[in-house]
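Peer 1: Chain by chain, the residues:
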Amino acid sequence: KAGVTQTPRYLIKTRGQQVTLSCSPISGHRSVSWYQQTPGQGLQFLFEYFSETQRNKGNFPGRFSGRQFSNSRSEMNVSTLELGDSALYLCASSPRDSEAFFGQGTRLTVV
Amino acid sequence: SQQGEEDPQALSIQEGENATMNCSYKTSINNLQWYRQNSGRGLVHLILIRSNEREKHSGRLRVTLDTSKKSSSLLITASRAADTASYFCATDPAGGTSYGKLTFGQGTILTVHP
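So the protein sequences, as listed, match chains A and B.
Residue 89 in the working numbering is what sits at position 89 of the first sequence, and the numbering runs on without skipping anything.
Position in the second sequence (from 1) plus 111 gives the number in the working numbering.
Simulated from the structure, these hints should not be mistaken for laboratory data.
Since the model is a prediction, treat every value here as computed from it, not as a measurement.
One should not assume that every hint holds.
[What the hints assert, rightly or not] As a list, the in silico DSSO-like pairs of lysine-lysine whose alpha-carbon atoms are at most 27 Å apart:
| id | chain 1 | residue 1 | chain 2 | residue 2 |
| --- | --- | --- | --- | --- |
| 1 | B | Lys167 | B | Lys212 |
| 2 | B | Lys137 | B | Lys180 |
| 3 | B | Lys212 | B | Lys181 |
| 4 | B | Lys181 | A | Lys57 |
| 5 | B | Lys212 | B | Lys137 |
| 6 | B | Lys137 | A | Lys57 |
| 7 | A | Lys57 | B | Lys212 |
Based on the provided sequences and hints, a complete structural model is requested.
Peer 2: In structure tokens, the structure reads:
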């Protein structure tokens, strides 16, 4: 079974731009969560989707948004990028509300 | 905000020794999970222990959970250089509405010297 796939792996963007990150979950997993990891704040929960519905959201500004498609693939979007958005963005999928399986992440650098 | 506190922040040992990492948390949980991360890459799920379990084993890993003290420990026996990584505990809070929201500790950086 293929693991969680995140694309792209690396991204460099300029302040003010927007970015879209993609996540393909493990086949059969309907729950997809997104996390931001930075050296200062550690791993922080962004949001979770299940069957195309956002069920939970972390404490991030509205510039961070996401969606899930009918095939469970998910995207997250960050608009009006700031330098502080530079981070490793991790996506995880779960078969149910239990252990999460993470992708390799997308390293976003904002310059 | 981080619910978990991990101790120690860094641990350096020789190959063959055992490594113990501790995690404390603040609220009631459904389960607690341990993950490994190699050098800024993705997280690898190691083990999940439910709130009604006290100890769990998986290969060279042993996890204990003390819900009265709100703490957990991860023991890696007979460590190898390949175990060098950051280790995180993550809690799934009780209440039924966490929906994928794991709360991670700051992690323990383990270095195993050959």
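Peer 1: If a hint holds in the structure, say so; if it doesn't, say that too.
Peer 2: So, going through the hints one by one against the coordinates:
{"no.": "1", "hint": "B:Lys167 - B:Lys212", "result": "23 Å, holds"}
{"no.": "2", "hint": "B:Lys137 - B:Lys180", "result": "9 Å, holds"}
{"no.": "3", "hint": "B:Lys212 - B:Lys181", "result": "18 Å, holds"}
{"no.": "4", "hint": "B:Lys181 - A:Lys57", "result": "25 Å, holds"}
{"no.": "5", "hint": "B:Lys212 - B:Lys137", "result": "15 Å, holds"}
{"no.": "6", "hint": "B:Lys137 - A:Lys57", "result": "20 Å, holds"}
{"no.": "7", "hint": "A:Lys57 - B:Lys212", "result": "8 Å, holds"}
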